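2 protein chains.
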Amino acid sequence: MSERMRIVFIGAGNLATNLGTALKDAGHEILQVYSRTEKSASALSGHLQCGYTADIDKVVYDADIYIFSVKDSVLGQLAAALEKGREKALFVHTAGSMDMDVLGDRRRGVLYPMQTFSKLRPVSFKTIPCFVEASEKTDSDLLKSMAGDISDSVYELGGEDRKYLHLAAVFCCNFTNHCYAIGSDILERHGIPFRVMLPLIEETAAKLRSLSPREAQTGPAVRYDRNVIDKQMGLLSAYPHFQDVYDIMSRGIHEMSL
Amino acid sequence: MSERMRIVFIGAGNLATNLGTALKDAGHEILQVYSRTEKSASALSGHLQCGYTADIDKVVYDADIYIFSVKDSVLGQLAAALEKGREKALFVHTAGSMDMDVLGDRRRGVLYPMQTFSKLRPVSFKTIPCFVEASEKTDSDLLKSMAGDISDSVYELGGEDRKYLHLAAVFCCNFTNHCYAIGSDILERHGIPFRVMLPLIEETAAKLRSLSPREAQTGPAVRYDRNVIDKQMGLLSAYPHFQDVYDIMSRGIHEMSL
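Chains as they are written, first to last, in this note's numbering: chain A, 1 to 258; chain B, 1 to 258.
It cannot be assumed that every hint is accurate.
Because identical chains cannot be distinguished in the list, a pair is counted as satisfied if it fits within a single copy or across any two copies.
[Said to hold, decoys possible] Derived pair list, reagent style DSBU-like, types lysine-lysine, alpha-carbon separation capped at 30 Å: (1) K71 <-> K163; (2) K126 <-> K144; (3) K231 <-> K39; (4) K58 <-> K231; (5) K84 <-> K119; (6) K24 <-> K126; (7) K58 <-> K163; (8) K24 <-> K71; (9) K137 <-> K119; (10) K126 <-> K58; (11) K39 <-> K137; (12) K231 <-> K24; (13) K58 <-> K119; (14) K84 <-> K137; (15) K231 <-> K71; (16) K126 <-> K84; (17) K144 <-> K231.
To be clear, the hints were calculated from the coordinates, so they are not data collected in a lab.
Here the structure is a predicted model, which means the values were calculated and not measured.
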């Protein structure tokens, strides 16, 4: 492993939980967890066997790295609140869409693990692509080797490209899941259990191991089969949002296939 | 296995190839393959070791079941063309969105395997949910046991519900894949290989084994985080279609989360 780091987590959500666990398992030292919510801070600290606080003034001063894993909107103010007395430490955030400069004019960096985390499902960090950058070359090297302790896929990526990466992830994860949610809703209204859809969903994802999404595209929209499309739009007449999605996706599929 | 059937395939596409292979492997007899395209008919017949023809007048008369696996738009005319002299046989189609009555006023049924097929990827039929219906109770029993020879998940489902099932599949497969295609396009423009997205895509699908799509939904749209949403819409300003998808999906995710 890389040099053992003394780490404080600012934030105790799903990402902090998964990342903290992986870093601890890899041999790094988690000193403390801070969360605005005492219950969350306490739960994660129990898991990581470290200290915790819900008082920003009680965050320890002697960590090498402070990892901010909080909502985008509070990143700046939390970093500013912790600035004083920690000038020598490295501040790092884990947000895909945020510039590292939000952490202030100081030693700063980003470690963005691109995965969807939920408290109930443990994930293996080994296969999660991690994207790092830092204001100093020595710090980006440090983050690369620390990320390399927990993941087999570590990339250096600048903030501008990372924004687009995060945006692509929104399409591939969040919007994909919304398509599942609409499918599930339609099935539910017709008394069909959603689990019948799982083999199709899993094969649609697995196909991408051998075909690009463009090559893998199937369905009536590829040929813009008006007959099927009009009939299916009709089936959705009671659900304007589902119709809107159907219409825009069908047009897009057809245009991309040309 | 169920009683051995003598089967003719009308159509030689991906679905016919996969279904024909599974039925043959289960011990049924494939007599012949018909396709308008001689090359396709010949290729599949070689695979299934049976006869083939590209001449509709040369389709054999002595099959128990004719399985129509062709484009929706030609189903009716092909069934009509083959009607005469085959009054005692069972006509079956494999289309999710078509009524069985398109096959005419005769012994008719549907066997809809809900999966996405591509010539290059062999799929195991065992896990594919198959939905059957027929005009006669004896025929729906027959189709159920024949489907049971190749799949562990066989359901009887009427035509009206099957249309909604197929529509749900369009959302969960075709539209999901379009989200992947947009993500892939965004990455390509920034020189990032699409394969970095695969662990996220696979976990997004795998999550559904333990959470419903509503429970699994994450991302800025859940809270309708205007700050992130406006910034991401801005990143897409050169791509009106991607913006349209982003906008409609974000609104839908937020509404469903309320």
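If any of the earlier hints don't hold here, list their numbers in rising order. Hint check: 3, 4, 5, 7, 9, 10, 11, 12, 16 fail, others pass.
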